[in-house]
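**Q** Here's the letter readout for the chains.
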Amino acid sequence: MEVCYSFIGIIHSPFTGQPETPIQSVYSSAEGTIEIFPEYTDGLQEIEGFSHLILLYHFHVEGPLRLRVAPFLDHENERGIFSTRHHDRPNRIGLSIVELLSVEETTLSIRGIDVLDGTPLLDIKPYVLRFDHRDHVRSGWIDRADREREISLFTPEYLTRKREPGKE
Amino acid sequence: MHEDPIILRPVGVIRSPFRAQGEAPRQGRGGTTTSTIEIFPEYGPALGTLAGITHIWVLYWMNRADRNLLLARRSDWKEARPVFCIRSPTRPNPIALSIGTIISVDLLTVTVTGLEALDGSPVIDIKPYVRDLDCISESDC
Numbered sequence: 001m002e003v004c005y006s007f008i009g010i011i012h013s014p015f016t017g018q019p020e021t022p023i024q025s026v027y028s029s030a031e032g033t034i035e036i037f038p039e040y041t042d043g044l045q046e047i048e049g050f051s052h053l054i055l056l057y058h059f060h061v062e063g064p065l066r067l068r069v070a071p072f073l074d075h076e077n078e079r080g081i082f083s084t085r086h087h088d089r090p091n092r093i094g095l096s097i098v099e100l101l102s103v104e105e106t107t108l109s110i111r112g113i114d115v116l117d118g119t120p121l122l123d124i125k126p127y128v129l130r131f132d133h134r135d136h137v138r139s140g141w142i143d144r145a146d147r148e149r150e151i152s153l154f155t156p157e158y159l160t161r162k163r164e165p166g167k168e
Numbered sequence: 001m002h003e004d005p006i007i008l009r010p011v012g013v014i015r016s017p018f019r020a021q022g023e024a025p026r027q028g029r030g031g032t033t034t035s036t037i038e039i040f041p042e043y044g045p046a047l048g049t050l051a052g053i054t055h056i057w058v059l060y061w062m063n064r065a066d067r068n069l070l071l072a073r074r075s076d077w078k079e080a081r082p083v084f085c086i087r088s089p090t091r092p093n094p095i096a097l098s099i100g101t102i103i104s105v106d107l108l109t110v111t112v113t114g115l116e117a118l119d120g121s122p123v124i125d126i127k128p129y130v131r132d133l134d135c136i137s138e139s140d141c
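Chains as they are written, first to last, in the working numbering: chain A, 1 to 168; chain B, 1 to 141.
Calculated directly from the structure, the hints in this document are not laboratory data.
Heads up, some of the hints might be wrong.
Derived DEER-like restraints, expressed as beta-carbon distance ranges [to be verified]:
{"hint": "1", "chain 1": "A", "residue 1": "LEU101", "chain 2": "B", "residue 2": "LEU69", "range": "22 to 32 Å"}
{"hint": "2", "chain 1": "B", "residue 1": "LYS78", "chain 2": "A", "residue 2": "LYS162", "range": "53 to 63 Å"}
{"hint": "3", "chain 1": "B", "residue 1": "PRO41", "chain 2": "A", "residue 2": "PRO64", "range": "17 to 27 Å"}
{"hint": "4", "chain 1": "A", "residue 1": "GLU48", "chain 2": "B", "residue 2": "PRO41", "range": "21 to 31 Å"}
{"hint": "5", "chain 1": "B", "residue 1": "PHE40", "chain 2": "A", "residue 2": "ARG138", "range": "36 to 46 Å"}
{"hint": "6", "chain 1": "B", "residue 1": "LEU107", "chain 2": "A", "residue 2": "GLU76", "range": "41 to 51 Å"}
Rough simulated footprint, nothing fancy, chain A against chain B, three-plus residues with beta-carbon under 8 Å [unchecked claim]:
{"hint": "7", "stretch": "13 to 23"}
{"hint": "8", "stretch": "56 to 63"}
{"hint": "9", "stretch": "69 to 81"}
{"hint": "10", "stretch": "84 to 98"}
{"hint": "11", "stretch": "117 to 125"}
Note that beta-carbon positions come from the ideal geometry of N, C-alpha and C, so glycine has one too.
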């Protein structure tokens, strides 16, 4: 069975290189916009009623297909890519939860950008607390990783500098 | 103007007792019915053991969805609603996003509760569900 999708829009981001791109939207205060292609704008009506959106998008920058990776937050240990949010995954599909700031016709302004400029968008779903919240969540190695929540732009570059202090 | 469609390659398939739309609970919440995610052998290394992970995002393709509508109406709604404001299968790219609570992981099989997927749904991706990333406490709904 052939499964194929087409892009519904483009994410415009201040980030053009991966080292400077926040690794997850919760670590990002960066703002950007989503441009929805004209043929899909009827699906956007009333979206301003939601404070947060779930974006599904395509990791469009060419990279190897990997089944195991050493993630940014635990670079010394390789693990199955399905236990990470790494981009070099089969089907290269990304998920981010962003804050919706405003809507102007076909342009959505958002905060919490963690993708490269020009990232193709596959879907928008409204974030709904009673659907998407779970209690008693444990996330294995992620819970053990050192995450400094006060860092507003948690990038691979920052993590590298943190691991190797004094090295450019 | 837009790039060619991207071809997805399913990494597995969902086995569930739900055979038709309407049999599954909406958004899967509160459900205790188990489903299994069978990962294809060539993607086994990507799965690993999911050690210590209790919840996963499961992305699967809703192959019976209508991709040509931008407004959709549930049977109990008075009027149709724009697809990007609802969680209906009806949307240009019918990628379902579901949270599974892991019961067990056994080689290539992940047993979960909480999925509303129909039997035979192709799996596109699995990601760990992380409280700090995925629970937005201040959202409006």
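**Q** Indicate, hint by hint, whether the structure satisfies it.
**A** Right, here's what the structure says about each hint:
1. A:LEU101 - B:LEU69: 22 to 32 Å: holds (28 Å)
2. B:LYS78 - A:LYS162: 53 to 63 Å: holds (54 Å)
3. B:PRO41 - A:PRO64: 17 to 27 Å: The hinted range 17 to 27 Å holds for PRO41 (chain B) and PRO64 (chain A), with Cβ atoms some 20 Å apart.
4. A:GLU48 - B:PRO41: 21 to 31 Å: For GLU48 (chain A) and PRO41 (chain B) the Cβ distance comes to about 46 Å; the hint is violated.
5. B:PHE40 - A:ARG138: 36 to 46 Å: For PHE40 (chain B) and ARG138 (chain A) the Cβ distance comes to about 27 Å; the hint is violated.
6. B:LEU107 - A:GLU76: 41 to 51 Å: violated (26 Å)
7. 13 to 23: Three-residue rule not met by the stretch 13 to 23 of chain B, so violated; n is 0.
8. 56 to 63: Satisfied; 5 residues make the cut.
9. 69 to 81: With 3 residues in contact (Cβ-Cβ under 8 Å with chain A), the coverage given for the stretch 69 to 81 of chain B holds.
10. 84 to 98: holds (count 9)
11. 117 to 125: Per the Cβ count (3), the hint holds.
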